[in-house]
Amino acid sequence: MLEKRNPPVGARPGTLAIPEGSPPPRIYLFDYSEETLVEGLVDDLDDLEPYTRTESTTWIDVQGMGDEAALWRIAEMFGIHPLAVEDAVNLPQRAKTELYDDYQLVIARSPLVEDGRLEVPQVCILIGRRTLLTFQDRYFGFFDPIRERIRDGIGPIRRGGPDYLAYAVLDVLVDRYYPVVEDLSERLDELEEVIVRDPQSEDLVGIHKVRRDVATLRRVGWPQREMVSEMARSPSPFVSEDVRVYLRDSFDHISQIMGRVDFCREVAVGLMDIYLSNLSHRQNEIMKVLTLMASIFIPLTFIAGIYGMNFEHMPELRFRGAYFAVLAVMVGLAVFMVGYFRRRGWLGRRRRRRPD
Amino acid sequence: MLEKRNPPVGARPGTLAIPEGSPPPRIYLFDYSEETLVEGLVDDLDDLEPYTRTESTTWIDVQGMGDEAALWRIAEMFGIHPLAVEDAVNLPQRAKTELYDDYQLVIARSPLVEDGRLEVPQVCILIGRRTLLTFQDRYFGFFDPIRERIRDGIGPIRRGGPDYLAYAVLDVLVDRYYPVVEDLSERLDELEEVIVRDPQSEDLVGIHKVRRDVATLRRVGWPQREMVSEMARSPSPFVSEDVRVYLRDSFDHISQIMGRVDFCREVAVGLMDIYLSNLSHRQNEIMKVLTLMASIFIPLTFIAGIYGMNFEHMPELRFRGAYFAVLAVMVGLAVFMVGYFRRRGWLGRRRRRRPD
Amino acid sequence: MLEKRNPPVGARPGTLAIPEGSPPPRIYLFDYSEETLVEGLVDDLDDLEPYTRTESTTWIDVQGMGDEAALWRIAEMFGIHPLAVEDAVNLPQRAKTELYDDYQLVIARSPLVEDGRLEVPQVCILIGRRTLLTFQDRYFGFFDPIRERIRDGIGPIRRGGPDYLAYAVLDVLVDRYYPVVEDLSERLDELEEVIVRDPQSEDLVGIHKVRRDVATLRRVGWPQREMVSEMARSPSPFVSEDVRVYLRDSFDHISQIMGRVDFCREVAVGLMDIYLSNLSHRQNEIMKVLTLMASIFIPLTFIAGIYGMNFEHMPELRFRGAYFAVLAVMVGLAVFMVGYFRRRGWLGRRRRRRPD
Amino acid sequence: MLEKRNPPVGARPGTLAIPEGSPPPRIYLFDYSEETLVEGLVDDLDDLEPYTRTESTTWIDVQGMGDEAALWRIAEMFGIHPLAVEDAVNLPQRAKTELYDDYQLVIARSPLVEDGRLEVPQVCILIGRRTLLTFQDRYFGFFDPIRERIRDGIGPIRRGGPDYLAYAVLDVLVDRYYPVVEDLSERLDELEEVIVRDPQSEDLVGIHKVRRDVATLRRVGWPQREMVSEMARSPSPFVSEDVRVYLRDSFDHISQIMGRVDFCREVAVGLMDIYLSNLSHRQNEIMKVLTLMASIFIPLTFIAGIYGMNFEHMPELRFRGAYFAVLAVMVGLAVFMVGYFRRRGWLGRRRRRRPD
Amino acid sequence: MLEKRNPPVGARPGTLAIPEGSPPPRIYLFDYSEETLVEGLVDDLDDLEPYTRTESTTWIDVQGMGDEAALWRIAEMFGIHPLAVEDAVNLPQRAKTELYDDYQLVIARSPLVEDGRLEVPQVCILIGRRTLLTFQDRYFGFFDPIRERIRDGIGPIRRGGPDYLAYAVLDVLVDRYYPVVEDLSERLDELEEVIVRDPQSEDLVGIHKVRRDVATLRRVGWPQREMVSEMARSPSPFVSEDVRVYLRDSFDHISQIMGRVDFCREVAVGLMDIYLSNLSHRQNEIMKVLTLMASIFIPLTFIAGIYGMNFEHMPELRFRGAYFAVLAVMVGLAVFMVGYFRRRGWLGRRRRRRPD
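Chains as they are written, first to last, in the working numbering: chain A, 1 to 356; chain B, 1 to 356; chain C, 1 to 356; chain D, 1 to 356; chain E, 1 to 356.
It should be emphasised that the hints constitute simulated quantities derived from the structure, not laboratory data. Just so you know, even glycine gets a beta-carbon here, dropped at the ideal spot from N, CA and C. Among these hints, one or two may not hold up.
So the derived label-pair ranges between C-beta atoms look like this [said to hold, decoys possible]:
1. D:GLU35 x C:SER33: 47 to 57 Å
2. B:SER236 x C:SER234: 15 to 25 Å
3. E:ARG233 x D:GLU35: 38 to 48 Å
With the rest of the complex left out, here is chain A (with noise of 0.2 Å):
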């Protein structure tokens, strides 16, 4: 339910903890100023060299951690800190923002839905002055789209800087939410009709996976939206103030979205207190019937069984046409209890009763 996490208690810090499974780095390179435009794979390490003292803007994107050597190369190249290497590696972090002396790390995440499971993967910004460089366990495919703008060069993108690049990169992840978000809603809104209906046992799954998508989802959104607060209101060396406009406008964004989340929250009780009344209330419909069963039917067997008796002197059993009062009695007491059983509302239409 919870990623796993286990760097060896104790470890000195800027020890790496390399997520399992995660495959030797792919570095993807961009360099671009107005004018000019540089991407693709690095394959080797020294030929990063040249872009650490570039005046265009270079955003590196590491993604795979499966070399530890690499990744400590990388981070001398561009004068890392060690602790926000540790934090770019040893996943999953809660979202957060600090100020080292050469960059400003951001840590982020966004959500995937992967064989229905809701994954929340992070990704390690850092924001230097002419360099942004990104890191991600696996490619997860979240850049694209700025990918493309970069490629387009229309718009502001390709005049701003790392930090503008770095906006880009935190509205995608945070815009990702929003089809989730959707995706919940719509999960509920599916239950509510059935549940409201008729509820089956598989709507109880439904709910509660909607809760732990919910439980999930505000687990790591929370600390983002205090994140992205943060960037847009205090005033950092790497991000201008007219990025920190836009970051105020992401800042809505994660916002709404957590608003949206205790929204579905809300909702998700709601259903499951509809759920228990509606298995209360068919209980009670089941409990009718066998009332009704048993009340209408075990008086008439017990007159059958006097009846039934073997004794000598049993005077009604000679009189003529007694067999035929029995039956009627016998056909009275059920009109009787039917009726009983209508005027309080357990046979029937059910209508409600008036008020005293």
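Given the coordinates of chain A, work out where chains B, C, D and E should sit on it, guided by the hints.
Quick look at chains B, C, D and E alone, frame taken from chain A:
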């Protein structure tokens, strides 16, 4: 349950996601000062041009967003920041207010009940120095009373600038919550009356609907309360101190509304508890009848069964009066059982047991 | 459940929504200094004129709001801001305090139990430099003890200005919560006693009523607490430092009251749980009786049924003593069943099972 | 459930509402410095006079408030503000602290279990420059250990002034919460043990009592925590910096206590859930037995009933061995039913079903 | 459930309440600089003396508190404030940090699962200028990895002072929460799997245990989070700015842990709901079987009963084929009942009803 919102993830900021089904913009203009008044539908955007320069107060109400080019045209004419345009068009947004160079952006929501469904459409207000722009994705009729007040020319509205007009708009949007909350409260009153007396499964659905509407109002209302508070509190170049006094009044209204919404929520939870208790209670009543019938007649039937056995040597069968003796025993047993159940309070009018 | 409030949406601020059924204003005047005292009903508004200029403390208590012209006349005479008049008349408002140029506006609420229904009418207080105005939509008798104290002339009230008088009024309004909360607490005590012993469905309604009253008190009480706190804390030109010491005392009272209200809420939720548990418990008792009767007699009846069959070749039927043997088997079976149920604790005085 | 508090609404501030049944004041005096020590009961208030002027630390403990004149006499002698006297006498108050010209007023509460009922009487402490006054409405024995420490003269108490003494008093009052909370925790442990194994309806009452005590402790404890925090934090002319270090310690204690109270609350709610589940579970067990008996024997009885019919033409009745064949069918049916129920897990030792 | 804590109420501050069963102190010393390293058990307290003056970093780990004199001796030797000693010994305390003249006191807790029971023992850390003292009431093995790191001499630990060492200790204590929370999460996963499929009453106990552990972790964890936050935020003469960067990291960890604990709590509540629903659901299943059996066979038995009556004049009895006709009627009735129940969905594989 939640409005869809599908701007493409990763889109350039400033990308407009025209709401589906939004009609092409219909622009209604007011230009007034204490002495002068011009109003009317604007067919050609060029006709708006002179109003960008007048000293009188100009109110441009854009209804419908089905034409991106026209929206950008208006934005350009009045010098609106692209992010503000995006906020105006990409709905629904959380209520918020933001300062731009030439405008203060206000996003507000106002409830609307359509076909028994609660919706909370968005209105975007841009407060400029001499201009007020409002954007709605179709015409909701929210502003009719304000138009009347402008036409009447009585009261402070014609003397005030765009900030006073913005207050008037916001006040209308906030006050529209009152009838919705009163409707909730009445539905709860009705539910309470029937649930206490005689709960039905349709009442459950009624409670659920109230709870969902309460959750919706909370989701959109709390950010709105925060927004109005911020407008009333923080200084802004676009809202004068005088108008902020009025905004404090709007803040009181929205606060009171949210207090009532929370009250409805509490009552709805209480009704749910009563509903469930009543269901339990009714089940007990059914069980009592069943138990009563079964407990009285099953033993009697058993006795009848004994004397229905066909053993050759059953001395009682031959005794004169045995039949009547057995009948007497049966009556006695029934009387005893009835007495027992009456003493336990399962039969007849229940009285509260005395403390032991 | 909630008071109606129907000022026309979109009305001009300062529009008075006279509460339905509000009688025409009845104005009661006090004008006093340490040595002098004038009091009486004011029939003609013109008689109020001289009191706008006296150096002594003037208290004008307006009871009833059924005459808009008179209200505006008073407002004009004493220089009251239209928004303040609106707040005084358009009830119910949340408790609040606001500074105007010549007055501090205070909206307070005070509970009142009428015909077993909890209502929380509003009193509006305007604290001027030498004048205190109070507005209520009908006469509630809240102020009788204060009038006595003014007449007696003992204590600081005659020496104090309008601010001390405002404190006295507020103190009375706050202290009136105490008996209401004590009544809630007693109702809970009574409910607790009967619910623990023998819950009835009318107790459920009792709990619900308590919960609704608690919700009402919370809804009106928390803003009142905030308002008193603000008056005791923030400096105001209309309330002297000395009187603020007294207001701290009122703040303690309202805080204590809200603590007790929350306590009642917690206890009421607990009682609901007990009620439900007891219902469940009682159902178990009913079920046990049913199961007992059915489990003992159904098998016996079956045995009797076997020997009631009419097969020609049933050897047992002819055995001497077979009848008595069968009776003995039946008794044995019944004894066994009773023993079994006693061992399971379903019969007789239950004892707690030992730990295994 | 709540202590009564009936000061006449609208009374003059400074009106004393002597608690009902409060004995006449019994005044116990300590006057000490590092070298000197005077202690004793004060019979005549005049004897107190000299102590208003001594340089040594004077502690006047007023036990009982049954004599208003005496209380006013003491107040006058030591220069106590009337509002402070009122706070000391009109109990119960929320814990609080307030600065007056010559004294710092502290209202504290300390729990007391009497006849199994949790009460939380109030102690009022007035910290003067050379004097400490404490007021309790009867003698609770709270202060005995402090008196011993003063008499012993070891430790800092004799060197400290009234502020240190006030800390000592407060510390005693706070520490008295510990055994109460531990008692709650033990009651919960016992309840847990029996409820998990075999819940009884008296356990429900036990949980309810714990919950009520928890609610009481929360109601009086949270304001006390706030008050101690304020004393430890905000500078005061009556409490030296050195003593504030000690008060931080008291703050830690009361914080820890409140954490434990909240913990008890959480556990109590959990026990309630278990109780209810267990009740449901037990009902299922009862239902299973009933269903089992009914399902096995009702069909068998029906078969017996068939062959008990008196039709003249029932060929089977004459077959030799028909009786035994029917018996065999009955046994077979019973075995089948038992097998069916065993397979459904309703009979015999339940095993967890394998996943499908 | 809660640890006992019985320091005598009213004891002098500085009174040590040695935890019951605490062994006599076992003192383990480290004294290191970047080049030098001394370590070992200290048998004679006098051997500690020289280390009070060294320039190298000295770490004194006191394990066990069974000897009051020894503790005071150490306190005196290193100049520790009596209140700090009290905090170190009188356990358990809430996590906190406090500044004294010569030391910063840190109280931390770290979870420990012993015999399946969650305990959260306390460690007291005193950060001096060149010395670090740690106190635990017995040896928990928490510090073994740190000792290894000191011995290895790699990484910043040997270069850092007592503040870095304190961070290392705190980091170890915080990180030890991870496996505990992961264990909770796994227990919930297992419970979820079995409860959704087939809930047993032992699962209820399992949920309760998880909830209690969650409540325990919340009780000790939140103050710890606050404490770490305070250490990372507020300047202190004992903790350098560099180390505060590391403490921010610890703060992230404890925040993440608390987020996960809250997540577990939410899931546990959800499981409880599922458990209860499943119980209700199963009861419905049992009821259906009972109702089915009773409803089919009771009417049939009644019919058999009729023809078992011994009236002399029952014409049907003599009809040829009457027996078979009655049998046919019975079969028809049974088929009808089965059909009826199947249509209501009580029999056979349930399908979801179509919407009406």
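Structure-based check of each hint:
1. D:GLU35 x C:SER33: 47 to 57 Å: holds, 56 Å
2. B:SER236 x C:SER234: 15 to 25 Å: With Cβ atoms ~23 Å apart, the hint holds.
3. E:ARG233 x D:GLU35: 38 to 48 Å: The hint (38 to 48 Å, Cβ to Cβ) holds, given that ARG233 of chain E and GLU35 of chain D are roughly 46 Å apart.
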